[in-house]
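Trainee: With positions in the sequence shown counted from 1, the corresponding number in the working numbering is that position plus 11.
For the record, the hints were derived by calculation from the structure and aren't laboratory data. Mixed in with the good hints, there may be bad ones.
Ranges between beta-carbon positions, derived for each pair [what the hints assert, rightly or not]:
| hint | residue 1 | residue 2 | range |
| --- | --- | --- | --- |
| 1 | Glu-422 | Asp-273 | 42 to 52 Å |
| 2 | Val-240 | Asn-334 | 25 to 35 Å |
| 3 | Thr-123 | Asn-359 | 49 to 59 Å |
C-beta: ideal position from N, C-alpha, C; glycine also.
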Amino acid sequence: MAKLEKRRMDIESVPFSIRILTEDIENIIQSKLAQGVGFIRETDSEIPEYLSGDPYRLQQVLTNLVGNAAKFTQQGSITLSVKISAQNADEFALRFSVRDTGMGIAQDKLETIFMPFSQADAGIASRFGGTGLGLTISRELVSLMGGELRVESRLGEGTEFSFTLTLCRCEKKEEIQNMEDITPCSKRCNILVVDDNPDTLKIIESALKKHGVRFTLCQDSRKAFDLLVDAYRQKDPFTLAWLDIDMPGLSGVDLAKKIRADHNLNRLRLVACTSHIEEAGNPDSPSHFSFVASKPITPQALKRILEEAGAGYPVEDSSSNLNGLKLLIVDDNPLNRFLVINVMKKLNIEVIEAENGLDAVNKISENKFDAVLMDRMMPVMDGAEAIRRIREIYDPKTLPILAFTASDSQEDKNVLMSAGANGIVFKPIVYENIVENLCRNIFVK
Numbered sequence: 012m013a014k015l016e017k018r019r020m021d022i023e024s025v026p027f028s029i030r031i032l033t034e035d036i037e038n039i040i041q042s043k044l045a046q047g048v049g050f051i052r053e054t055d056s057e058i059p060e061y062l063s064g065d066p067y068r069l070q071q072v073l074t075n076l077v078g079n080a081a082k083f084t085q086q087g088s089i090t091l092s093v094k095i096s097a098q099n100a101d102e103f104a105l106r107f108s109v110r111d112t113g114m115g116i117a118q119d120k121l122e123t124i125f126m127p128f129s130q131a132d133a134g135i136a137s138r139f140g141g142t143g144l145g146l147t148i149s150r151e152l153v154s155l156m157g158g159e160l161r162v163e164s165r166l167g168e169g170t171e172f173s174f175t176l177t178l179c180r181c182e183k184k185e186e187i188q189n190m191e192d193i194t195p196c197s198k199r200c201n202i203l204v205v206d207d208n209p210d211t212l213k214i215i216e217s218a219l220k221k222h223g224v225r226f227t228l229c230q231d232s233r234k235a236f237d238l239l240v241d242a243y244r245q246k247d248p249f250t251l252a253w254l255d256i257d258m259p260g261l262s263g264v265d266l267a268k269k270i271r272a273d274h275n276l277n278r279l280r281l282v283a284c285t286s287h288i289e290e291a292g293n294p295d296s297p298s299h300f301s302f303v304a305s306k307p308i309t310p311q312a313l314k315r316i317l318e319e320a321g322a323g324y325p326v327e328d329s330s331s332n333l334n335g336l337k338l339l340i341v342d343d344n345p346l347n348r349f350l351v352i353n354v355m356k357k358l359n360i361e362v363i364e365a366e367n368g369l370d371a372v373n374k375i376s377e378n379k380f381d382a383v384l385m386d387r388m389m390p391v392m393d394g395a396e397a398i399r400r401i402r403e404i405y406d407p408k409t410l411p412i413l414a415f416t417a418s419d420s421q422e423d424k425n426v427l428m429s430a431g432a433n434g435i436v437f438k439p440i441v442y443e444n445i446v447e448n449l450c451r452n453i454f455v456k
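Between the sequences and the hints, there should be enough to build the whole structure, so can you do that?
Mentor: See the structure below:
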C-alpha cells in the first residue's frame, strides 16, 4: 500500500485487447465459482481489437472484483461487462462493471466498503476470509488510471462495482507486433515460476504460453529448490527462477539465499516479484536478484524476464576486473539505487549516490569517478541534460556513462546516445547487463 499512498506507481500505456483480457479473467475465475453459479462475459462489439492502456493493472482490478463476487455469490450469476459509454474518432470511454446476485451490502455499510481492513460485516471475514484491502488497492489503481470505482448494492439482492476509463484506439501495427512477439529467444528459455497464489500463476501461465516459452509452475518454495537441483543434475537446468517474495514459510528472499549458497545453482538468474515493492529494498534483505518487478507484471518487465531467461544458463564472467572502481549511480528512485549498490558491493566497487541530474553534475565536479550510471527520467534535471553537461567536461573514453531508460522507443535511444551516453541499459534493471557494459566501456577504449 505504501507505494500507492505515495502515488508513485507508473501506469503503462501499451496495446492490448479487451477481448483477450476478459477471456483470461473468465478462465481464472471458473474454478472459484460456487456450484451452479454462472459467469457471463459481455463486451461491446464496437470496441476496437486493440486499445492503449495498462492491461496488467486493469486485469488486477477486474480479477479482484470478480473474485470478491465469487466469494459472496452462492447462487445466480456474475457478469463482467465492458460497454462503450462515449466515443469520438480515437478515444473510447468504456464502462467496466462486475455485477453479482450475491448477498449484497447494506446501505449504511457502503460508505466504509473501500476502507482498508474493513468489510461490510465482520462476520464476512471469518466466513469467507480476506481483509478488504483488495478493494482499497483496486480503488487506488482505478484512480491512477483516470477513473473512479463506484459501488451500488441492495442487501439480499446483489452488488455492482463499476468504473469508466477513457482509452485510445491503437493503430500502430509495429507496437502491436512488439506485444505479440516479445522475445526472439523463447526456445532457450526454461523458467521456474514460484508463487503461492494460484490466480497469479494462471496469469503468468497464460502470458508464457503465448510466447512459446518452456516453464514450470510451483506453489511451494521448498519444492521449488528441489526442482532446481533435479533439473541441474539432469543437465537440463532452468535458465531463470521467477520468485514471489511474499510467500509463507520459506520466503522468496530466503529461497534466493538458499540458491546463492548452492555451488551448482549460485549463478542462476533470479527475478523477484512482489505486490509490495518496498519490501524488496529492505536493507535487512540484500539483493540476490537480477531485478525486482512489481505485481502485476507489465509488458516491459515480462520482456526483460524473457530476455534474461533466453540468454541460457549463466557462465562465469570477468567482473573481477571491476574490482576497486568508483561509480556514480544517478536515479531518483531509492530502491533502484539500493539494488545497484548491493550488487556492486559484491564486486568491491565503491558507489556514490545522486538523486537527480543536477546533483550528479555537482558531484562529478567535486569527485573523480570511473563510470556513471544515469537514469533518463528524473526531476530537477533529467538524464539527457545531465549527460550533455558532463560531456562538456569529460569525453566518453575518460568517463563512460551508461543510461537507464524504461522506454524502448528509438527516439529515446537517439536522445541519450546523442547526449553522449556510451550505452543504454533498459529497465527493469538487469544487473548482469550493467556489469557487461561496464567491462566493455571501461576496459575497451
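Trainee: Are the hints correct? Go through all of them and say.
Mentor: Hints versus structure:
no. : hint                          : result
1   : Glu-422 - Asp-273: 42 to 52 Å : holds (44 Å)
2   : Val-240 - Asn-334: 25 to 35 Å : holds (31 Å)
3   : Thr-123 - Asn-359: 49 to 59 Å : holds (54 Å)
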